[in-house]
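S.K.: Protein chains in written order, with our numbering: chain A, 1 to 499; chain B, 1 to 295.
What the hints contain is simulated information worked out from the structure, not anything from laboratory work. Do not take every clue at face value.
Result set (EDC-like, lysine to aspartate or glutamate): computed pairs, CA atoms no more than 16 Å apart in a straight line [as the list claims (entries may be wrong)]:
id, chain 1, residue 1, chain 2, residue 2
1, B, Lys114, A, Glu207
2, B, Lys43, B, Asp275
3, B, Lys281, B, Asp27
4, B, Lys134, A, Asp203
5, B, Lys143, A, Glu2
6, A, Lys447, B, Asp287
7, B, Lys250, B, Asp75
8, B, Lys15, A, Glu412
9, B, Lys80, A, Glu231
10, B, Lys143, A, Asp203
11, B, Lys134, A, Glu128
12, B, Lys80, A, Glu207
13, A, Lys447, B, Asp27
14, B, Lys80, A, Glu454
15, B, Lys114, A, Glu412
16, B, Lys114, A, Glu454
17, B, Lys191, B, Asp287
18, B, Lys138, A, Glu412
19, B, Lys250, B, Asp287
Some chain A residues judged to face chain B by a derived CB distance under 7 Å, without partners named [to be verified]:
id, residue
20, Phe9
21, Arg125
22, Glu207
23, Ala211
24, Ala301
Glycine included, each C-beta is placed from N, C-alpha and C at the ideal position.
Next come the chains, spelled out residue by residue.
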Amino acid sequence: MEPYNIFFFGSVFFLAGVGLESLKLNFWILIITAALAAVFVLFGFWKKNRRFFWIAGLSAFIAIGALYSAAADRNFAEKYFPKGETLNFQGLIVNNPAPRGSSQSLYVRTKLSGAEVKILVKAERYPEFHYGDLISVNGAIKKPESEGLPEQAGLPAQAGYAQYLAKEGISGVVSYPEVNLIAENKGAPFKSFLFNLKNSIVDRFGEILPAEEAAFLSGLTLGERSDFSPEFKEALQTSGTTHLVALSGYNVSIVIVATMALLTSFLKRRIAFIVAFIFLVAFVLMTGAEASVVRAAIMGALVVIATESGRIFNPRNAITLAGLLMVLINPKVLVFDAGFELSFLALIGIVYLKPALEDFFNLPIGGEKGTFSWRENLLMTSSAQLLVAPILIQSFGNFSPISLVSNVLILEFIPYTMMLGFAVAVFSGISHYLALIGGWFVWPLLKIETGLIEFFGNFNLSLNMSLSWILIIIYYLVIAIFIVKMSKKNRLNNERIRP
Amino acid sequence: MKEFVRKLIENNFGKIVFWLALFFILDILVFRQIGADVLEKDKLSLYFLPVGQGDSELLSLPGGVKVLVDGGPPDALVLKNLDKILSPRDRYIDIVALSHAELDHFGGLIEVLKRYRVGVFIWNGVPKNTSAAKGLMKMIKDKNISLISLAAGDAILYGISDIKVLWPPENTVASGESLNETALVFGLESKNTRALFTGDMGEKTENKIMADLANGVDILKVGHHGSKFSSSASFLEAIRPKAAVIEVGKNSYGHPTQEVLNRLADVGARIFRTDRDGLIKFEVADDILRFFVIK
Numbered sequence: 001m002e003p004y005n006i007f008f009f010g011s012v013f014f015l016a017g018v019g020l021e022s023l024k025l026n027f028w029i030l031i032i033t034a035a036l037a038a039v040f041v042l043f044g045f046w047k048k049n050r051r052f053f054w055i056a057g058l059s060a061f062i063a064i065g066a067l068y069s070a071a072a073d074r075n076f077a078e079k080y081f082p083k084g085e086t087l088n089f090q091g092l093i094v095n096n097p098a099p100r101g102s103s104q105s106l107y108v109r110t111k112l113s114g115a116e117v118k119i120l121v122k123a124e125r126y127p128e129f130h131y132g133d134l135i136s137v138n139g140a141i142k143k144p145e146s147e148g149l150p151e152q153a154g155l156p157a158q159a160g161y162a163q164y165l166a167k168e169g170i171s172g173v174v175s176y177p178e179v180n181l182i183a184e185n186k187g188a189p190f191k192s193f194l195f196n197l198k199n200s201i202v203d204r205f206g207e208i209l210p211a212e213e214a215a216f217l218s219g220l221t222l223g224e225r226s227d228f229s230p231e232f233k234e235a236l237q238t239s240g241t242t243h244l245v246a247l248s249g250y251n252v253s254i255v256i257v258a259t260m261a262l263l264t265s266f267l268k269r270r271i272a273f274i275v276a277f278i279f280l281v282a283f284v285l286m287t288g289a290e291a292s293v294v295r296a297a298i299m300g301a302l303v304v305i306a307t308e309s310g311r312i313f314n315p316r317n318a319i320t321l322a323g324l325l326m327v328l329i330n331p332k333v334l335v336f337d338a339g340f341e342l343s344f345l346a347l348i349g350i351v352y353l354k355p356a357l358e359d360f361f362n363l364p365i366g367g368e369k370g371t372f373s374w375r376e377n378l379l380m381t382s383s384a385q386l387l388v389a390p391i392l393i394q395s396f397g398n399f400s401p402i403s404l405v406s407n408v409l410i411l412e413f414i415p416y417t418m419m420l421g422f423a424v425a426v427f428s429g430i431s432h433y434l435a436l437i438g439g440w441f442v443w444p445l446l447k448i449e450t451g452l453i454e455f456f457g458n459f460n461l462s463l464n465m466s467l468s469w470i471l472i473i474i475y476y477l478v479i480a481i482f483i484v485k486m487s488k489k490n491r492l493n494n495e496r497i498r499p
Numbered sequence: 001m002k003e004f005v006r007k008l009i010e011n012n013f014g015k016i017v018f019w020l021a022l023f024f025i026l027d028i029l030v031f032r033q034i035g036a037d038v039l040e041k042d043k044l045s046l047y048f049l050p051v052g053q054g055d056s057e058l059l060s061l062p063g064g065v066k067v068l069v070d071g072g073p074p075d076a077l078v079l080k081n082l083d084k085i086l087s088p089r090d091r092y093i094d095i096v097a098l099s100h101a102e103l104d105h106f107g108g109l110i111e112v113l114k115r116y117r118v119g120v121f122i123w124n125g126v127p128k129n130t131s132a133a134k135g136l137m138k139m140i141k142d143k144n145i146s147l148i149s150l151a152a153g154d155a156i157l158y159g160i161s162d163i164k165v166l167w168p169p170e171n172t173v174a175s176g177e178s179l180n181e182t183a184l185v186f187g188l189e190s191k192n193t194r195a196l197f198t199g200d201m202g203e204k205t206e207n208k209i210m211a212d213l214a215n216g217v218d219i220l221k222v223g224h225h226g227s228k229f230s231s232s233a234s235f236l237e238a239i240r241p242k243a244a245v246i247e248v249g250k251n252s253y254g255h256p257t258q259e260v261l262n263r264l265a266d267v268g269a270r271i272f273r274t275d276r277d278g279l280i281k282f283e284v285a286d287d288i289l290r291f292f293v294i295k
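Construct the complete structure from the given sequences, taking the supplied hints into account.
M.R.: Structural data, given as structure tokens:
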């Protein structure tokens with residue numbers, strides 16, 4: 001068997017193992033592993049194909065994945081276990097706290113009962129604390145409990161609040177304790193610098209634009225969502241446009257495409273690609289290099305590579321690698337992070353289903369060269385939405401078909417808005433008045449976009465239903481068969497492949 | 001480079017036409033807005049902002065100077081209302097005034113100072129030792145905004161507008177007396193209209209400033225969100241407001257109290273409430289006082 005296939009099957013089995021362990025199937029995992037191995041061995045004898053023996057052997061990775069996930073669980077559980085006692089402790093703020101309404105959430109790293117732990121401190125809005133502040137906290141540490149929705153997550157976690165916090169590595173919560181600042185700038189200097197840069201850009205947007213438009217631009221360019229009003233968040237959800245402000249692979253791919261377009265006008269294509277890649281890494285670091293953004297960057301880069309090289313490039317292993325890396329870093333994202341699942345499915349939709357749909361409707365490959373890219377946007381939105389729909393319905397209980405219309409209309413403006421937004425960010429570093437003028441140009445676009453989001457947010461056409469797992473599996477099988485069929489047909493008339 | 005530009009135009013002709021058309025339409029909208037601003041400049045407009053349980057008023061004086069009085073509690077409501085009132089290009093507020101350093105009056109101001117350029121910050125000069133109040137003072141310092149304490153007898157004159165500070169007396173310090181009774185109280189006279197801004201003052205202060213208000217008041221910002229310890233019958237009888245605005249939201253104090261509502265009705269004042277009416281605007285142009293209720 002070829003090395004790249006060994007990698008692929010091994011990774012998929014490993015991921016399956018992590019998933020099964022997260023669902024707490026414990027004993028069943030061994031049975032499933034054994035059964036799968038047996039089935040593949042039988043297939044091998046039946047089809048007289050040695051590949052199946054390889055696959056049977058690799059299925060052992062299910063058990064390895066399960067063990068890995070279980071070990072991470074144990075490691076977390078063995079750390080300090082809060083009993084609700086009132087404690088006075090010192091700790092370092094390790095996140096970029098985003099004030100929200102009348103409170104702010106601080107992730108504080110500290111040492112309790114000999115273990116290094118992360119505690120979530122919900123503090124009053126003022127005074128504002130920053131990354132790298134050393135603080136003393138006096139309050140009762142409670143175990144995270146599943147009540148209410150996580151405010152920090154852009155998308156509500158499909159599991160409860162406790163699981164969301166466990167995913168973030170939080171082992172205790174303190175609500176409105178006495179907090180005192182001991183020292184500033186005790187964090188990693190480079191991270192401090194990047195958070196400061198990001199915060200100052202968000203502040204500049206706030207200085208030159210009305211609050212709502214500024215918040216939207218911050219979300220679009222930096223994935224910062226702390227200033228959104230609850231009404232606007234709901235409108236984003238109902239209109240199916242939340243992904244725009246979550247710094248998804250889409251936003252990141254725009255950043256790459258735009259830099260590429262700019263660079264290729266005076267650089268050789270290959271050099272331009274390398275420079276764009278360096279730019280991307282810097283951008284990711286600036287937005288805080290949170291796991292979700294790293295994922296988006298890998299995804300965005302993949303989308304660009306896939307579109308740059310037509311369909312000859314097979315992104316299968318790249319997608320698998322991205323998933324594997326994310327899960328190795330934090331095994332909990334696989335099952336407890338809806339955002340992780342959604343962005344992977346959306347990417348698979350864009351990479352595999354979109355070309356299949358293009359073939360099916362006999363459209364030119366790689367999008368048409370017309371005045372507007374509505375057809376391209378529609379195809380992209382549809383293929384992503386078709387794949388995420390069951391998860392949206394399962395996790396959030398609704399999926400809004402209006403998102404096809406809203407996305408096609410809004411996406412027309414987004415690339416220009418993002419580019420102007422970055423330009424304004426650069427201007428604001430030079431002069432407030434220059435940025436103000438830039439703001440006059442970007443404001444109309446933002447107004448149109450927020451207007452459309454609010455307008456489509458009124459259409460609550462959400463399909464409210466629950467799906468059985470069987471139905472979901474059948475749904476994905478049908479899509480998979482469609483993709484396979486179209487790609488086979490495509491192989492027959494491969495004159496349609498772009499040279 | 002020339003080649004690049006030529007290609008860019010050739011390949012994107014349709015797009016370029018579309019964007020030019022779009023910007024043309026937006027231009028017209030912008031100039032209409034500027035035209036409207038010029039017409040607005042001659043009017044006196046008083047806005048009472050619905051910021052929940054807290055105070056916030058915006059005065060737009062003839063000539064275009066803007067005075068923001070208080071900013072409500074710490075949430076984005078004051079920003080949302082300012083965005084409704086001001087044009088999107090307007091990022092400057094001439095004067096921000098704080099009646100007294102309590103959270104339901106200054107909480108929203110910190111974000112306002114962060115996002116708007118502010119000419120001068122005026123207040124009663126009585127500090128409060130809370131972390132939020134310190135946050136406000138730090139923001140004023142960081143943003144290099146001049147901070148001025150005013151006291152009874154001080155005045156701000158601008159064109160035909162006259163803002164007279166009635167309370168507190170000079171050199172007021174936070175003593176045993178409640179902070180509410182140190183609130184900056186001022187009257188505005190402009191375009192033959194008199195308005196009184198009271199902060200959270202109670203009966204005690206009312207009795208002391210009554211003599212200065214012998215000419216009566218057209219528009220009254222009702223003291224302390226309609227608390228029964230403010231807006232005494234004798235005070236209302238003396239100033240006889242035509243319109244009374246109660247700035248109030250969800251609260252556990254029972255504001256506005258029935259007693260105050262009755263006393264206001266007794267002197268024939270028309271009562272407005274930010275919790276029920278939303279954004280309330282009074283406008284004086286051509287010697288006519290109009291009011292608008294903007295939901």
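S.K.: If a hint holds in the structure, say so; if it does not, say that too.
M.R.: Cross-check of the supplied hints:
A hinted pair counts as satisfied when its Cα atoms are at most 16 Å apart, and Lys114 (chain B) with Glu207 (chain A) qualifies at roughly 7 Å. Among the hinted pairs, Lys43 (chain B) with Asp275 (chain B) is inconsistent with the structure: their alpha-carbon atoms are about 26 Å apart, more than 16 Å. Proposed proximity of Lys281 (chain B) and Asp27 (chain B) is contradicted: the alpha carbons are some 28 Å apart, above 16 Å. The suggested pairing of Lys134 (chain B) with Asp203 (chain A) is violated, with an alpha-carbon distance near 20 Å, which exceeds 16 Å.
At roughly 63 Å between alpha-carbon atoms, Lys143 (chain B) and Glu2 (chain A) are farther apart than 16 Å, so this suggested pair is violated. Restraint check for Lys447 (chain A) and Asp287 (chain B): the C-alpha separation of about 36 Å exceeds 16 Å, so the hint is violated. Our distance criterion of 16 Å between C-alpha atoms is met by Lys250 (chain B) and Asp75 (chain B), whose separation comes to about 14 Å. For the hint pairing Lys15 (chain B) with Glu412 (chain A), the CA-to-CA distance comes to about 11 Å; that is within 16 Å, so the pair holds.
Distance hint between Lys80 (chain B) and Glu231 (chain A) is fulfilled; the C-alpha atoms sit about 12 Å from each other, no more than 16 Å. Using a Cα cut-off of 16 Å, the hinted pair Lys143 (chain B) and Asp203 (chain A) holds, with the two alpha carbons roughly 13 Å apart. With a C-alpha separation of about 11 Å, the suggested pair Lys134 (chain B) and Glu128 (chain A) falls inside the 16 Å cut-off, and the hint holds. The straight-line distance between the Cα atoms of Lys80 (chain B) and Glu207 (chain A) is roughly 14 Å, inside the 16 Å bound, and the hint therefore holds.
Note on Lys447 (chain A) and Asp27 (chain B): the hinted pairing holds, with a Cα-Cα distance of about 14 Å set against a maximum of 16 Å. For the hint pairing Lys80 (chain B) with Glu454 (chain A), the CA-to-CA distance comes to about 15 Å; that is within 16 Å, so the pair holds. For the hint linking Lys114 (chain B) to Glu412 (chain A), the alpha-carbon distance of about 32 Å lies beyond 16 Å, and the restraint is violated. At most 16 Å may separate the alpha-carbon atoms for a hinted pair to count; Lys114 (chain B) and Glu454 (chain A) exceed this at roughly 26 Å.
Proposed proximity of Lys191 (chain B) and Asp287 (chain B) is supported: the alpha carbons are some 7 Å apart, at most 16 Å. The suggested pairing of Lys138 (chain B) with Glu412 (chain A) is violated, with an alpha-carbon distance near 43 Å, which exceeds 16 Å. For the proposed pair Lys250 (chain B) and Asp287 (chain B), the alpha carbon gap of about 36 Å is over 16 Å, so the pair is violated. For Phe9 (chain A), the interface hint is violated, the least distance from its beta-carbon to any beta-carbon of chain B being 44 Å, above 7 Å.
Look at Arg125 (chain A): its Cβ gets to within about 5 Å of chain B, closer than 7 Å, so that hint holds up. The interface hint given for Glu207 (chain A) holds, since its Cβ lies 6 Å from the closest Cβ of chain B, which is under the 7 Å cut-off. For Ala211 (chain A), the interface hint holds, since its Cβ comes within 7 Å of a Cβ in chain B; the closest pair sits about 4 Å apart. Hint status for Ala301 (chain A): violated, given a least beta-carbon distance of 25 Å to chain B, over 7 Å.
Violated hints for the displayed structure, listed by number in ascending order: 2, 3, 4, 5, 6, 15, 16, 18, 19, 20, 24.
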